[in-house]
Amino acid sequence: MQNYWDKAISFEEYLQIAHQRLQNPATPQDAEYKMYYELGIQRMERTLKKFVIDEEQINELKSKNFNGKILIISEAWCGDASATVPALAKFFEGHNEVKIFLRDSDKSLINQFLTNETESIPKVIILDEDFNVKNSWGPRPKFGHELLLKFKADPEAYPRESFYNDLQIYYSRNRGKDAIQEILELL
Numbered sequence: 013m014q015n016y017w018d019k020a021i022s023f024e025e026y027l028q029i030a031h032q033r034l035q036n037p038a039t040p041q042d043a044e045y046k047m048y049y050e051l052g053i054q055r056m057e058r059t060l061k062k063f064v065i066d067e068e069q070i071n072e073l074k075s076k077n078f079n080g081k082i083l084i085i086s087e088a089w090c091g092d093a094s095a096t097v098p099a100l101a102k103f104f105e106g107h108n109e110v111k112i113f114l115r116d117s118d119k120s121l122i123n124q125f126l127t128n129e130t131e132s133i134p135k136v137i138i139l140d141e142d143f144n145v146k147n148s149w150g151p152r153p154k155f156g157h158e159l160l161l162k163f164k165a166d167p168e169a170y171p172r173e174s175f176y177n178d179l180q181i182y183y184s185r186n187r188g189k190d191a192i193q194e195i196l197e198l199l
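Its first residue numbered 13, the sequence shown is counted upward by one per residue in my numbering.
Hints listed in this document are in silico derivations from the structure and should not be mistaken for laboratory results.
Just so you know, not all the hints are guaranteed correct.
Here are the simulated DSS-like cross-link-like pairs (lysine-lysine), alpha carbons at most 25 Å apart as the crow flies [what the hints assert, rightly or not]:
| no. | residue 1 | residue 2 |
| --- | --- | --- |
| 1 | K62 | K111 |
| 2 | K146 | K19 |
| 3 | K76 | K189 |
| 4 | K146 | K76 |
| 5 | K119 | K19 |
| 6 | K111 | K46 |
| 7 | K62 | K102 |
| 8 | K189 | K154 |
| 9 | K189 | K61 |
| 10 | K74 | K189 |
| 11 | K19 | K102 |
| 12 | K154 | K164 |
| 13 | K189 | K111 |
| 14 | K102 | K189 |
| 15 | K189 | K146 |
| 16 | K76 | K111 |
| 17 | K154 | K102 |
| 18 | K111 | K146 |
| 19 | K154 | K62 |
| 20 | K154 | K76 |
| 21 | K76 | K102 |
| 22 | K146 | K102 |
| 23 | K61 | K46 |
| 24 | K74 | K111 |
| 25 | K62 | K189 |
Cβ pair distances, simulated, as ranges [said to hold, decoys possible]:
| no. | residue 1 | residue 2 | range |
| --- | --- | --- | --- |
| 26 | A43 | E68 | 41 to 47 Å |
| 27 | Q180 | Q69 | 21 to 27 Å |
| 28 | N177 | A38 | 30 to 36 Å |
| 29 | T39 | E68 | 40 to 46 Å |
| 30 | L60 | W17 | 19 to 25 Å |
| 31 | S117 | L60 | 21 to 27 Å |
Nothing here was measured: the structure is a model prediction, and the numbers come from that model.
C-beta atoms are modelled at their ideal positions from N, C-alpha and C, and glycine is treated no differently.
Model the full assembly from the supplied sequences, consistent with the hints where possible.
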């Protein structure tokens with residue numbers, strides 16, 4: 013895991029790369045995902061402006077005496093990632109180092125953490141001080157997963173557009189709190 017950690021980037025670099033890919037797409041996929049990069053950047057910047065650290069959660073983090081690191085597999089065009097990654101970066105700032113590994117740069121890491129045989133992101137890997145995997149989380153909080161299951165169970169009664177809308181409303185209101193809590197429980 014240390015090799016992946018060494019190749020990972022800071023949240024600031026992640027945001028910078030998102031802006032670069034939006035302004036100057038380096039690949040056909042970057043150009044194709046332009047709308048998703050725009051949305052992702054808007055969501056991340058909104059989260060950064062509105063995110064407030066929950067003191068109870070900080071106290072819980074401190075009580076865990078967790079000395080490890082947080083490695084997040086992500087891409088800025090991903091809706092789930094744009095709602096979660098900035099909150100996690102801000103929450104752990106000053107407590108535990110957080111780095112982001114770009115999923116599409118090297119699939120060998122995400123292939124170790126598949127979700128139902130898919131490369132779903134974000135995927136949070138909790139590492140101890142020696143870079144051993146302690147646990148993993150992702151790609152979305154329990155409530156978001158329940159919405160996904162509702163959509164998959166009956167797409168006619170609960171269409172994709174409704175699912176995406178409900179998920180984004182949840183993310184904008186929750187501002188990463190559930191994701192942080194679920195990750196705290198895994199430390």
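Does K111 sit within 25 Å of K74, going by the straight-line distance between their CA atoms? OK: K74 and K111 at ~20 Å, within 25 Å.
Satisfaction of hint between K102 and K62, Cα-Cα up to 25 Å: 11 Å, holds
Between the alpha carbons of K146 and K76, is the straight-line distance 25 Å or under? 13 Å, holds
Quickly compare the C-alpha distance for K189 and K61 to 25 Å and report which way the hint goes. Judged against 25 Å, a Cα distance of about 15 Å means the pair holds.
Next pair to validate is K61 with K46; report whether the Cα-Cα distance is within 25 Å. 23 Å, holds
If you draw a straight line from the CA of K154 to the CA of K62, is it 25 Å or shorter? With Cα atoms ~22 Å apart, K154 and K62 stay inside 25 Å; holds.
For the pair supplied as a hint, K154 and K76, confirm whether the alpha-carbon distance does not exceed 25 Å. 22 Å, holds
Could you tell me whether the CB distance from A43 to E68 stays inside 41 to 47 Å? 44 Å, holds
Take a quick look at whether K19 and K102 sit within 25 Å of each other, Cα to Cα. 21 Å, holds
Measure nothing beyond the straight line between the CA atoms of K189 and K154; if it is 25 Å or shorter, mark the hint as holding. 12 Å, holds
Okay, S117 versus L60 on CB: inside 21 to 27 Å? Given range 21 to 27 Å: holds, Cβ gap about 23 Å.
K111 and K146: Cα distance at most 25 Å? Cα-Cα ~16 Å, so holds.
Violated hints for the displayed structure: none, as all numbered hints are satisfied.
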